[in-house]
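Reading the sequence shown from the start, the letters are residues 188 to 515 in the numbering used here.
Source of the hints: derived by calculation from the structure; they are not laboratory data.
Accuracy of the hints is not assured; some may be wrong.
Here are the simulated DMTMM-like cross-link-like pairs (lysine to aspartate or glutamate), alpha carbons at most 25 Å apart as the crow flies [unchecked claim]:
{"hint": "1", "residue 1": "Lys415", "residue 2": "Glu458"}
{"hint": "2", "residue 1": "Lys316", "residue 2": "Asp367"}
{"hint": "3", "residue 1": "Lys415", "residue 2": "Glu354"}
{"hint": "4", "residue 1": "Lys316", "residue 2": "Glu347"}
{"hint": "5", "residue 1": "Lys316", "residue 2": "Glu458"}
Simulated restraints on C-beta separations [as the list claims (entries may be wrong)]:
{"hint": "6", "residue 1": "Phe440", "residue 2": "Arg342", "range": "15 to 25 Å"}
{"hint": "7", "residue 1": "Ile490", "residue 2": "His399", "range": "18 to 28 Å"}
{"hint": "8", "residue 1": "Pro435", "residue 2": "His369", "range": "23 to 33 Å"}
{"hint": "9", "residue 1": "Arg299", "residue 2": "Ser414", "range": "40 to 50 Å"}
C-beta: ideal position from N, C-alpha, C; glycine also.
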Amino acid sequence: MLAETGVGASPLSSIGQQYNHQSNGSQPAVRMSAAGDSSGGASRNCLRSARHPAGSNALNNSHKSFTLCRHHKLCEFELQTVCQTNMRILPTTENTPLKAPKSVVRVVAPLRQQVYGILHEAIAQGHFKPGQRLVERELCETLQISRPLLREVLRNLEAEGLIRPVEPRGLEVARITIEDAHNIYEIRLALEGTAVAGFVRSASDAQRQALHVAFANFEEACKTEDSKLVHTSKNRFYEAILAGCNNPLLSDFLTSLHSRIQLLRGASLSEPNRLPNTLKELRAIHDAICANDEALAKRACNIHIRNAARVTKEALERQQQVVEEIES
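Build the full structure now, drawing on both the sequences and the hints.
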């Protein structure tokens, strides 16, 4: 697992996927199977594109499939990437390959989008730690992609504030200071309540249903011990609110801000009782929206943000104290 990766090892070294070319058909398609060995040797290269007879290794308009190694943690990021690109994943068992009904057309996301999804999730879930160096050569070799494509993805991550340039080391995962956290939550407090109020005023029935489903999924995730599922389902709840506020500029700005907030959620949700309290706070937002009470929904949102800011600040202060004690 990435969390157990040694100092000298690449956190992406456990990826276990590979593309296999299929000769028939003209529509991009994808299927998954649970093959793969626990050592990671047989199915190592996650994004290795099938070699086209003409020599191109880019994704093309031919059928493709790839094998998913369930023994490696980062493969879950591929599943998440697939889910985020309008590709519906069907239930399966450990030894049963996932197959789409003939009536369902599956579209493979562009390679750049897949790489972005993997790295974004790895950073957001803490598999790349704040201050950890990102080595282009290692990432290119592991993901089997070109350096220009990787640099395009890294520029996007840098624009979101998830990574930053550091001389002479190149790039590293951004470090969020206590002051940074204060500024982030101050902006969030000023804007997110407006998005919630906008949702109450203008969300369609379908958008309200999507929010209800997102909250139900988060509620179920809180019953598990799967931190990734909790983070992902919580993100879907916020995304449903932004989609229904019908203010594209506000939605774009908060989406960018939430990318930085994800670097802080590991600290806040690691605090005792924070997850149960978060569930109560999001339920208050959800219930106020369902009651079409704009003022109550905005107030519940602000309470949630203030509590998250307080808990995050306390967690960062403790982390900083530990670092200072180690260095002294």
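The hints, checked one at a time:
1. At most 25 Å may separate the alpha-carbon atoms for a hinted pair to count; Lys415 and Glu458 meet this at roughly 16 Å.
2. For the given pair, Lys316 sits about 17 Å from Asp367 by alpha-carbon distance, which is consistent with the 25 Å threshold.
3. Taken as a hint, the Lys415 and Glu354 pair is broken in the structure, with Cα atoms around 32 Å apart against an allowance of 25 Å.
4. At roughly 16 Å between alpha-carbon atoms, Lys316 and Glu347 fall within 25 Å of each other, so this suggested pair holds.
5. For the hint linking Lys316 to Glu458, the alpha-carbon distance of about 18 Å falls within 25 Å, and the restraint holds.
6. Our hint of 15 to 25 Å for Phe440 and Arg342 holds, since their Cβ atoms are close to 19 Å apart.
7. For Ile490 and His399, the Cβ-Cβ distance of about 21 Å falls inside the hinted range of 18 to 28 Å, so the restraint holds.
8. Separated by about 28 Å at the C-beta atoms, Pro435 and His369 satisfy the suggested range of 23 to 33 Å.
9. Look at Arg299 against Ser414: about 27 Å separates their beta carbons, and that is not inside 40 to 50 Å.
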